[in-house]
Amino acid sequence: MSSASEAASSLASDVVTGDAVPGQWFRVRAPLSRRLRVILAICSFLLPLGLWSAVSYVPAIWHPDILVSDPGDVDYFLPGMRVDKATFAKELENAKVNHTAPPQGTLCNPVYLPSPGAVLAAFYTSFTTPPADQDGLWLHQSLWQSIQTIFWGFVISSLIGVPLGILCGAHNGAARLVEPIVEFFRYLPAPAFGTLAVAVLGIYAGPKIAIIVIGTLFQQILIIANTTRKADFSLVEAALTLGTKNLRLLTRVVIPSVLPDLYRDQRILLGWAWTYLIVAELVGATAGISLFITQQSRYQHYANVYAAIAMIGILGLGTDLVLAALGRKLFPWDRAAR
Amino acid sequence: MFDTISYLDQSQAVKDRLDRMKAREVILEVAGLTKKFRTGKSDVTALDDISFKTHRREFLCIVGPSGCGKSTLVRILAGLEQASGGQVLLDGHPVKGPGRERGMVFQGYTLFPWLTVRGNVMFGLLMNNVARAEAKKQADEWLGLIGLEKFADAYPHQLSGGMKQRVAIIRALVNRPRILLMDEPFSALDAQTRARMQSYLLEIWKKVDITVVFITHDLDEAVFLADRILVLSAHPGRLQELIEVPIVRPRKAEHFSAAEFAATKARLEALIHPPSQHGDDEEAYPSVPLLTDVRDEVE
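Chains A and B, in that order, give the protein sequences. According to this note's numbering, the first sequence holds residues 1 to 338 in order. According to this note's numbering, the second sequence holds residues 339 to 637 in order.
These are calculated hints, taken from the structure and not from any lab test. Hints may contain errors.
Have a look at the derived ranges for each label pair, beta carbon to beta carbon [said to hold, decoys possible]: (1) His495(B) / Val38(A): 50 to 56 angstroms; (2) Glu487(B) / Arg248(A): 24 to 30 angstroms; (3) Leu330(A) / Glu541(B): 56 to 62 angstroms; (4) Glu541(B) / Phe26(A): 53 to 59 angstroms; (5) Ala369(B) / Arg248(A): 29 to 35 angstroms.
Short derived list, chain B residues pointing at chain A, Cβ under 7 angstroms [unchecked claim]: (6) Val433; (7) Phe461; (8) Gly462; (9) Ala608; (10) Pro612.
Residues of chain B placed beyond 12 angstroms of chain A at every Cβ, according to the derived structure [to be verified]: (11) Ser349; (12) Ala361; (13) Ser389; (14) Phe390; (15) Gly423; (16) Asn467; (17) Ala469; (18) Ala490; (19) Gln496; (20) Arg509; (21) Asp556; (22) Glu579; (23) Glu592; (24) Ala596; (25) Pro624.
What you are looking at is a predicted structure, and each value in this text was computed from that prediction instead of being measured. Where is the CB? At the ideal position from N, CA and C, for every residue including glycine.
Let the hints inform the model, and build the full structure from the sequences given.
Here is the structure:
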């Protein structure tokens with residue numbers, strides 16, 4: 001039976017990586033050529049970017065506001081101010097009726113939608129301009145703070161979650177004892193522990209790391225336990241007939257057999273930890289990339305906000321790609337990675 | 339037990355060989371083995387009062403219809419399942435749980451995918467606290483014996499099915515077990531590879547002091563390999579007959595067309611697929627209506 005499923009899975013991977021069949025685009029799981037796969041992956045980023053560029057640079061698509069360049073005689077207009085089209089049209093009409101100087105301006109998007117070019121520029125300048133606050137942090141310092149928060153949160157969660165998960169996956173008694181309470185905690189939103197974490201751990205790094213741990217740990221225990229439970233039992237039986245005993249069965253058979261899957265789980269869970277970052281950093285004294293984002297949005301520097309958000313995405317995706325490549329090196333025998 | 343033994347016509351050479359075999363010490367003794375499974379309220383008897391002995395260097399095959407519990411039987415012998423009653427004695431000592439003195443080869447190859455071929459062969463030795471250098475030396479010797487020394491550093495997924503099963507066999511043998519249990523080891527292989535593996539297994543068995551208990555549903559395979567064939571009946575699994583295979587050794591491909599081969603197989607067929615009992619637990623296959631205009635000599 002296992003050999004049959006092996007054959008089926010290798011067949012399936014052949015189909016996915018096989019040559020494209022002309023005229024079969026819409027067949028379920030139709031194979032793609034390598035070139036097409038690369039092109040589609042690039043388009044995955046280029047299409048949203050193109051849409052964003054179109055909305056930003058082609059005035060006919062949206063541009064609901066007008067950027068005032070010359071206020072004329074309108075007393076409450078200022079240069080660089082954004083007003084909606086209706087208000088601007090009304091003031092233009094007033095100026096015509098009263099024979100005062102009309103205001104001038106160009107079509108623009110709302111302040112919360114900067115153009116890709118503006119975000120790109122902000123991406124560059126936010127690393128090169130000093131912080132607005134005297135005791136503020138540079139963007140890279142904020143990022144470094146965030147990375148440390150994620151790192152320690154994830155390490156602490158993994159130090160508890162991975163061994164406990166493996167134990168639950170390998171031993172039914174442990175699973176019965178641990179999993180029900182974990183299932184309960186899993187549903188509690190991590191931010192709900194914010195004030196409690198501050199009361200216990202102060203206002204600096206402690207509660208932030210704690211939120212990440214709370215957000216990650218309970219899922220981690222259950223996911224790692226489930227993966228461990230899927231260890232091929234026939235390998236365990238083979239090891240038994242070779243004279244393997246007790247703890248060695250766990251350390252020499254069960255864990256190695258699921259190690260590539262555990263590694264994949266950890267990659268997914270690391271992504272999970274990142275999604276808790278902003279909430280965690282708002283707990284206590286706001287810090288890290290969240291401090292940068294909240295400050296910049298207070299000044300309405302939305303290009304900087306987008307640049308910081310993009311930075312998180314780039315860091316996350318970059319880390320995952322590096323870890324995926326490392327996984328292929330670490331587990332050359334893993335068929336799912338090939 | 340003795341009234342279930344069937345002696346097909348034996349040549350003097352076969353009889354002498356079997357006599358010599360039966361004079362050797364008993365390696366494995368199964369006495370009154372019973373296995374019941376709980377399904378809801380009622381018990382289902384999978385194995386009922388199975389008793390037999392295997393002698394040193396014997397090649398014993400166990401055959402039976404599907405559902406006769408032959409896999410359950412060999413798993414109990416391996417210690418992977420508990421019997422509900424009766425005893426399994428290895429060298430006179432009752433078997434409790436799995437152990438290295440009973441090696442096993444499974445239908446799925448069950449090689450450890452994260453270990454190289456050498457690592458797989460070394461595994462049992464390391465688990466029994468043989469020093470790493472010594473384990474490596476022995477593993478390489480055994481790999482040389484089956485001609486796979488070139489693949490020592492390859493991973494199992496890089497091997498063909500036949501090679502994997504060869505590695506699985508020596509992985510069990512390197513541990514120096516008293517008995518080798520094989521649960522339909524070649525059924526996942528294609529017909530050609532299977533035939534070669536059968537000859538190769540006999541080749542290994544000839545050179546190594548090992549007693550084999552071999553489960554199969556392939557009657558040709560059983561006749562070709564076995565000294566004696568244990569036939570089980572289904573629902574519940576009972577010992578039906580113990581057949582002494584009247585074919586001389588060494589076995590060769592031409593034995594497949596020998597008269598003794600046909601006689602043994604006919605006896606097995608009669609036991610496993612008795613003509614009267616059709617329709618009992620086998621579903622009836624309806625006749626197919628005529629759906630073609632082109633009628634040729636096929637009818």
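Consistency of the hints with the structure:
For the pair histidine 495(B) and valine 38(A), the beta carbons lie near 27 angstroms from each other, so the given range of 50 to 56 angstroms is not met. Judged by the Cβ atoms, the range 24 to 30 angstroms given for glutamate 487(B) and arginine 248(A) holds: they are separated by roughly 27 angstroms. The supplied range of 56 to 62 angstroms is broken by leucine 330(A) and glutamate 541(B), whose beta-carbon atoms lie about 39 angstroms from each other. Between glutamate 541(B) and phenylalanine 26(A) the CB atoms are about 54 angstroms apart, so this pair conforms to the stated range of 53 to 59 angstroms.
Between alanine 369(B) and arginine 248(A) the beta carbon distance is about 32 angstroms. The supplied range of 29 to 35 angstroms therefore holds. Taking 7 angstroms as the C-beta contact cut-off toward chain A, the hint placing valine 433(B) at the interface is violated, the least distance being around 12 angstroms. Evaluation of the phenylalanine 461(B) hint against chain A yields a held restraint, the C-beta minimum of about 6 angstroms falling below 7 angstroms. With a least beta-carbon distance of about 4 angstroms to chain A, the hint placing glycine 462(B) at the interface is held under the 7 angstroms criterion.
A cut of 7 angstroms between beta carbons decides the hint on alanine 608(B): the least distance to chain A is about 30 angstroms, and the hint is violated. The interface hint given for proline 612(B) is broken, as the beta carbon of that residue sits about 29 angstroms from the closest beta carbon of chain A, more than 7 angstroms. Chain A leaves serine 349(B) outside its interface by the beta-carbon criterion, the shortest separation being 37 angstroms against a cut-off of 12 angstroms. Here alanine 361(B) stays apart from chain A, with its beta-carbon at least about 29 angstroms from theirs, past the 12 angstroms limit.
For serine 389(B), the condition that its CB be more than 12 angstroms from all CB atoms of chain A holds, with the nearest at approximately 23 angstroms. With a least beta-carbon separation of about 21 angstroms from chain A, phenylalanine 390(B) lies farther than 12 angstroms from that chain, consistent with its non-interface assignment. Distance to chain A confirms glycine 423(B) as a non-interface residue, since its nearest Cβ pair spans about 23 angstroms, more than 12 angstroms. With a least beta-carbon separation of about 9 angstroms from chain A, asparagine 467(B) fails to lie farther than 12 angstroms from that chain, contradicting its non-interface assignment.
With 12 angstroms as the threshold on Cβ separation, the claim that alanine 469(B) sits away from chain A holds: the shortest Cβ distance comes to roughly 16 angstroms. The non-interface label for alanine 490(B) is consistent with chain A: the shortest C-beta to C-beta separation is roughly 15 angstroms, beyond 12 angstroms. With a closest Cβ-Cβ approach of about 9 angstroms to chain A, glutamine 496(B) is found to fall inside the 12 angstroms limit, against its non-interface label. For arginine 509(B), the condition that its CB be more than 12 angstroms from all CB atoms of chain A is violated, with the nearest at approximately 7 angstroms.
The Cβ of aspartate 556(B) lies farther than 12 angstroms from every Cβ of chain A, with a closest approach of about 16 angstroms, so its non-interface assignment holds. The beta carbon of glutamate 579(B) is kept farther than 12 angstroms from every beta carbon of chain A, the shortest such distance being approximately 29 angstroms. Under the 12 angstroms C-beta cut-off, the non-interface status given to glutamate 592(B) relative to chain A holds; the minimum distance is some 31 angstroms. For alanine 596(B), the requirement that its beta carbon stay farther than 12 angstroms from each beta carbon of chain A is met, with the minimum near 32 angstroms.
Distance check on proline 624(B): its Cβ is at least 28 angstroms (rounded) from any Cβ of chain A, clearing the 12 angstroms threshold; non-interface status holds.
Checked against the numbered hints above, the structure breaks hints 1, 3, 6, 9, 10, 16, 19 and 20 and satisfies the rest.
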